[in-house]
Structure formats: structure tokens, C-alpha cells
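Student: In order, the protein sequence lines correspond to chains A and P.
Numbering (this note's numbering) for the first sequence: 1 to 441.
Numbering (this note's numbering) for the second sequence: 1 to 441.
Hints were generated in silico from the structure; no laboratory data involved.
Careful, some of the hints might be misleading.
As the list makes no split between identical chains, a pair holds if one copy fits it or if it spans any two.
Capping the alpha-carbon separation at 16 Å, the derived lysine to aspartate or glutamate pairs in EDC-like fashion look like this [as the list claims (entries may be wrong)]:
| hint | residue 1 | residue 2 |
| --- | --- | --- |
| 1 | K366 | D382 |
| 2 | K71 | E249 |
| 3 | K71 | D200 |
| 4 | K71 | D191 |
| 5 | K366 | D125 |
| 6 | K366 | D380 |
| 7 | K366 | D324 |
| 8 | K71 | E258 |
| 9 | K71 | E232 |
| 10 | K366 | D200 |
Now for the letters of each chain:
Protein chains: 2
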Amino acid sequence: MGPAAEGRHRVVVVGGGFGGLQAALKLSRAPVEVTLVDRRNFHLFQPLAYQVATGALSPGEICYPLRAIFKRRRNVRVVMAEATGFDLEGRRVELQAIGAPSATSIPYDSLVVSGGSHYSYFGHDDWRGAAPELKTLEGALELRRRILRAFEAAEVEPDPDRRAAWLTFVIVGGGPTGVEMAGQIGEIARDTRRDFRAADTRQARILLVETADRLLGTFPPSLSAKAARSLERLGVTPRLAETAVDIDEQSVSIRTQEGAVERVPARTAIWAAGVTASGLAGTLGRLAGAEIDRAGRVTVEPDLSLPGHPEVLAIGDMVRIRRDGEEPLVLPGLAPVAMQQGRYAGRLVAARLRDHPTPPFRYRDKGNLATIGRASAVADLDFVRLSGWVAWLGWLVVHLLYLIGFQNRLLVLIRWAFSFFTRGRGTRLITGEEGSRPDSR
Amino acid sequence: MGPAAEGRHRVVVVGGGFGGLQAALKLSRAPVEVTLVDRRNFHLFQPLAYQVATGALSPGEICYPLRAIFKRRRNVRVVMAEATGFDLEGRRVELQAIGAPSATSIPYDSLVVSGGSHYSYFGHDDWRGAAPELKTLEGALELRRRILRAFEAAEVEPDPDRRAAWLTFVIVGGGPTGVEMAGQIGEIARDTRRDFRAADTRQARILLVETADRLLGTFPPSLSAKAARSLERLGVTPRLAETAVDIDEQSVSIRTQEGAVERVPARTAIWAAGVTASGLAGTLGRLAGAEIDRAGRVTVEPDLSLPGHPEVLAIGDMVRIRRDGEEPLVLPGLAPVAMQQGRYAGRLVAARLRDHPTPPFRYRDKGNLATIGRASAVADLDFVRLSGWVAWLGWLVVHLLYLIGFQNRLLVLIRWAFSFFTRGRGTRLITGEEGSRPDSR
Chain A
1 MGPAAEGRHR VVVVGGGFGG LQAALKLSRA PVEVTLVDRR NFHLFQPLAY
51 QVATGALSPG EICYPLRAIF KRRRNVRVVM AEATGFDLEG RRVELQAIGA
101 PSATSIPYDS LVVSGGSHYS YFGHDDWRGA APELKTLEGA LELRRRILRA
151 FEAAEVEPDP DRRAAWLTFV IVGGGPTGVE MAGQIGEIAR DTRRDFRAAD
201 TRQARILLVE TADRLLGTFP PSLSAKAARS LERLGVTPRL AETAVDIDEQ
251 SVSIRTQEGA VERVPARTAI WAAGVTASGL AGTLGRLAGA EIDRAGRVTV
301 EPDLSLPGHP EVLAIGDMVR IRRDGEEPLV LPGLAPVAMQ QGRYAGRLVA
351 ARLRDHPTPP FRYRDKGNLA TIGRASAVAD LDFVRLSGWV AWLGWLVVHL
401 LYLIGFQNRL LVLIRWAFSF FTRGRGTRLI TGEEGSRPDS R
Chain P
1 MGPAAEGRHR VVVVGGGFGG LQAALKLSRA PVEVTLVDRR NFHLFQPLAY
51 QVATGALSPG EICYPLRAIF KRRRNVRVVM AEATGFDLEG RRVELQAIGA
101 PSATSIPYDS LVVSGGSHYS YFGHDDWRGA APELKTLEGA LELRRRILRA
151 FEAAEVEPDP DRRAAWLTFV IVGGGPTGVE MAGQIGEIAR DTRRDFRAAD
201 TRQARILLVE TADRLLGTFP PSLSAKAARS LERLGVTPRL AETAVDIDEQ
251 SVSIRTQEGA VERVPARTAI WAAGVTASGL AGTLGRLAGA EIDRAGRVTV
301 EPDLSLPGHP EVLAIGDMVR IRRDGEEPLV LPGLAPVAMQ QGRYAGRLVA
351 ARLRDHPTPP FRYRDKGNLA TIGRASAVAD LDFVRLSGWV AWLGWLVVHL
401 LYLIGFQNRL LVLIRWAFSF FTRGRGTRLI TGEEGSRPDS R
């Protein structure tokens, strides 16, 4: 950093997801020096990762390079590194930078940690290989490879049982991600039947396994029921009040409502259930003696600061918020929550510098959206509950607006328009290991 | 295939690159049953792969799913499989399908083989890991990861020597691909300097090593000289009449014009020199007793048929064409050559069915284009030689026209327009192994 940086209040922001990005953007307008640390060099618009997994969008359309976002915000420095620990007394963040032989550390006056969460696999980490998930771009690309390869394999498989296993897709978890994935696979099966000559893709079996007795648990029951009916029209079978008890590359075993275990031959399993907070939450909690819950979240003060460390703010779905005389508040793991907390954290740091009062964080719930398929979605808003194409249009507009970068908005709009009118998916590419080695025939 | 297929002339096309795709498209209008076999499920527009490697375009914009191309051409079946061999007497192609446990084979009445070529690494296959290439989409993505990571590592590297090694890029091979890659890296170094705070990207050292004494050997010398000058303005140092003699993850050793060996510390090496024909050419040649040259190409008859097997056509840069009293003709390994040969092969098969005469293949050379950077290219056309922005505009138009799919043309046009006006690169994403594992901090 240049000489202009000397003496200014130093803020380190860990994590370039929705929360960290908004904190850094807010702070870029304050008289502080910001260092944004992320292991990746881009911001991932995670709510659309499932569209990458199903070949509707290209990774470059839902990701945006962090450096490009902060190019003209000269008081923000982006560092591509993994935050490995904290020295809360010495006020330093420990880093392992990409390509660097050894760890290093950087000092802060204020720290904002936004580490997010990851899928927990109910403690069965051995299922991870057989059932990829959608939290990372690589997970989405791996799912894309498996889903598309399954249809290709069905096309050349003469044995009816083996072909049926290729055409069986099991999605574990009936939240928004699971519902959206199941709906998209239903649409692929319906819309690509003319692409194949031997396999009948409409015979695809798509099971959506949810332990609770309804889908979309955070929505009102009436919308859950509507979502289930819309999915059934797309050929998806919701398996409610049932649980995946084993997953391997050949099958998924499901404990049914009756208590029996059914082994479903399926070559494609998708994980969308149960998240655990980033390990950074536990690290902060242990260092500060703060409470850590079963999902790994650290309990923070009403102003999102770590107990005893007002200079450290923790935000996003890795935290719970302390309340007097009540259980700590767990907000839903949604982008709007993280974004509001990120902006709040940025404002808080700036307000303290000017000795302004800092009210506690309040979440403004603007509603909840989930899309099911073409012209089909559910919306649970403050003032109204919507389903069908009105909800779907609302979903489209909101997602386009929240995408980073005008170019990406334009490209996604074009992809969606083409998909809508042609029922095609432009990025149905099978990439990755298989068949990708240089030609050595 | 349905009952309509019975009794019709069966054509198998191996390879969905430029040649095979054109053959299958031409044959889709003839009264034949076509099976198009490819290991990948998409056609790659290889001339723009270098723009994926440099973050200017997204893979989904230069690839097009083969099934989408043939969706409405009901006499074409796409099979995702690797062709592993041929039974020329029994007229069958041996296949290993994706996901299938064992090999199989399919019958043909006519066969078109378009296996392409791959980089040979001058026999040093151990260099492949240290110096990726651009023939596959995965190679392009691996290069993108390495090039972008190098700038990120330079930003956090305090040691000046190690930082210099991160900012040194060695491209081996001064043909169009090498020239285009070198020019793009020069532009990244110049245009992203404001994205970094510690590293000065303009200090990047970009060496373009070419064994011949000029770049772009297939162009006239005047255009080679112009290309070299344009590259120098972008900070690229052409190292002519010099040869890479060793490559590892830390350095590239170059034999200089004086005969000394210079070890250049460089963390990024890119391979763009020396191709070898697909192994399918050798397989066909051995089976038919046809000549195979040192680059692995099989010699075919003037009508592109395999000697003694008029029903087998071999096309693209895996063949040489027999000439009376002269050495066999080697055409340049360019998309237009493969496309013309593919269309010729399709016409030939259809003409024979109607007992029409079949003249030998003639290549119509429409010229040669290579781009160097923003508003800079060279063009060697029939009637005129161009350089500068006129050649660059011609290059843009030709590449947009030859891209498959209107959607891709529109998306690429938008990306190029944004890049031109903002000097940004929208898909600068570091993806792949490092940092991509699910969050387990």
C-alpha cells in the first residue's frame, strides 16, 4: 500500500460472498484502508449456481472478478488467500496466500468475517463424492457433468434396468435449492426428448427426498403444496417425511414413511440438505469464549460484534444473534440477510470512526422466492403470497437486479430469453476429467 | 433407430470437429442414416479457445452441444463414445461408449473419419504438465487458471525475484495460436495494472519462442514482421531462431541463437508448437497398408478415400493427399480446410448413391488471418495483404460468422464490445482444484 495508506483505520474483510462484498463496498466510501481476503478471485452469485449445473447459464455469467469490482475503489485491496486463523489480541489475520510457500499475517483495526457455510452431509462425509452439491462453482460444474452424462449413457445403454438407473435422479433436501434442481431436471427430461434417438428422456424418474413433511419449510404451507403440485407436473416425485440413509455411485437408500429402507438404483444423486457454518465461526468462538451451536454458528452481540471484541464483526449464515431472555436468533441463510449484515457492518465501522451512535442490527425481511420451472415459482412477500408466472416474473427481475455487473445481466437475460423461446440450454457441456485428456487415440 | 432407418445407406462420422460436423450436416440432407460419434458432447470452436484461456470469453460461448445442432435432423444420431478401432473388412467401427462397461461396435456402409490432431511436445510428453496447450477446452481452462493465478501470486509475493518469475510467461511456438496468446497476455498485463495494488503488471515479461527465424511461418514475411512489431508494442519479446529445450513448473530453458542454454525462471509456460495427427490416422493407415508420415498423418487418395477402401474417407489435419509424381500434399491445419473436406466428403457419399461422378478434392484457399491484440491483426488474402485495424475487423466478422449458433454469436459480440470499451475481461475466473474444495475451514 502506498504512503496515503499510513495512519488510516485498517479494515480487513474476510470473504467475498454476499456479506463481505457489501461490507467492502460500503467501506470503500469511508476514510479507511480495506483489505478484502478471499480464496477465490471472484464473487459467485450462488442463487443461480443451479442454472450452471443444468446447462442454462455459463459460469462466467454468474461470477464476477473481485478485482474488477474494486478496480476504481483505490482504498480497497483484494488479496487472494485463505484466512487460516486470527490473533484477536494482536489484531492480525493469519493468511495462506495462493502460490506462497509459507503463511503470513496482516494487521487490522477492525475485522469483518463473512465465512459463509457449507453442506454437512449429516456427518456422512463419504457421501460427498457420490452426491455433489451446489455451494461452489466446481460443485455445480461436476453436477452438470453428471446430469448430462447420465442422459448420454442412457442413450447408448441397451439394458433396460441399467438405462433406468441412468435416468433416475435423486435430490436430497427439499429447500429452495433442491426444489429448483428437481424442477430443472424435470424440464431437461421433457425438453430434450427430441435430442435423443434411443432413450426416452420422459421416462426419467426424479425423486426429491425431504425429511420434513413438506417442501420449502421456510415458506407458508399453502405455497409448499403449490410447489409440490408444480413439481409433480414436471415429473418430479416429492418423497416427504423420508430420509436418505445411504448414498453411493450406484444407488440411494431411502428410509420410507413406513420405516422400511428402499434402495433406489440411481446413477445421479444431488445434495441440497443441511448446512454447517464455516470453520472460521468456530475459530472466532473459541478464541473469544463465545457460544457455538450444533451447526457451528458463533453467537454474536446484537451489533454483530464478537463478545468482548467490539472491533470484530461476524456476519452471514455463520452467526446467531444474541437476544435478551430468548434463544439466539438464527436468520435464514439467504443472500439478502448476508447483504444487509454486510452493509450494516460497513456502516458500523464508519460510524464508530465518527463517534456516531450505532443501533443494533435489524433484518428487514422483504420476502422469499423460489422458482420451480418455466413460468412457475412461489413468492412469499410481506403483503402477498404469489405463485405461477407472476411469481416467476418477480423472481427473474430480482435475480437480474442482484447480479453483479451490467454485462452479466445482459448476457443472462439473453440466455434466458433464448431458453424460454427455444426450450434449449446453450451450455449443456460435459467438461471435466472424462474424455477431456488430450487426444491420444 | 426406428423402422424408417431399415435398408438405408448407413454413414458413420467419427469426430464432431470442423470436418466431421460439416460432413454430418451435408449428409443430413441426403437419404442416408448418419451416426456422429464423438467423445465430447459439444463442438468446440477451437480458433477462439485462446480467448477462454485469457478470460475474454466463457466456455459456453464457443462450444455448442452436438445434440442441439442435430435436434431437428432426424436422420442423424449423435453417440457420445470414443472410436477405438475399425474393422475395415466387416465395415464396423469399434466404440467405447461413455458409462458403458464394455466396448461395442456399429456397422457402416460409408465411413468418414475426422480425428484431428494434438500437440506433440516434440516427444517430451513430460512437459505437458508444466506447459498446457489449447487444443481442448480443459487445456484452455487450465491455462486461464495458471495465467490469472500468476498475477494473483505476484500481488502477494514480497520477494522481487520470485515475483518476477510469477510475472514471466513463456509461449512456445510462434504460429497463430502462440502469437494470439502472447498478444492477449500482453494486453492483460497492460490493462489490469489498475486492478492490483502491490504488483506492477506492466513489468510482466512475455517471451514468444519460435524455432524458425520468423513468426507466423504460413504468412508472407512482410506480415510476420508486422506481427512481431505489434507484439513488441504489447510488451512481448519474440525469441526467434531459438528453441525450448527443457520445461518444468519453475522455468523454461531456451537454446539461444548463439547455442547457449538460458534458463528463464517462469511460473507459466504455454505450449503452442508441433502437432501430431490423431492415432486414428495411424490405425487406418496400418489396416489399409497406407503410408503414414512422421507427423502421424495417413496418405489418402485425391478423393480423400483410404487406398483400397473407397467407402472410407479420412479428412482434416490427420491426412495428406496423394499426388502423382510429387510428395503428398499437406494442407494447413486450419478450420477452413477441415470444413471444406467435410462438406466434400458429405457430397461424395451422396453423389455415389446417385452414381454421379465424383471429382477429386480441391482446397479453395480464401486466406489466412491472425489477431495480435486490440484493433491489431494480419490478413493474407487472395487479392490483398492487410494489417492493423482493417485486418482486425475482418477477423472479428469472420469469427462471428463461423461460430455455431445465433445465441453464441450475440453473446460473443456483447463480450467483445464490453472488452473493447472497458478493457475488461468478464470471465477472469480462477477455477479448478486449488481453493475449489468445499469450505472446510
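Student: Evaluate each hint against the coordinates.
Tutor: Comparing the hints with the structure gives:
1. K366 <-> D382: within (6 Å within a copy, 63 Å between copies)
2. K71 <-> E249: neither (44 Å within a copy, 30 Å between copies)
3. K71 <-> D200: Between copies, since 14 Å is at most 16 Å while 50 Å is not.
4. K71 <-> D191: between (42 Å within a copy, 11 Å between copies)
5. K366 <-> D125: Answer is neither; intra-copy 35 Å and inter-copy 57 Å both fail.
6. K366 <-> D380: Within one copy only: 9 Å inside a chain, 60 Å across chains, cut-off 16 Å.
7. K366 <-> D324: neither (25 Å within a copy, 79 Å between copies)
8. K71 <-> E258: neither (58 Å within a copy, 44 Å between copies)
9. K71 <-> E232: Answer is neither: 47 Å inside a copy and 26 Å across each miss the 16 Å cutoff.
10. K366 <-> D200: The answer is neither: 42 Å in one copy and 44 Å across copies each exceed 16 Å.
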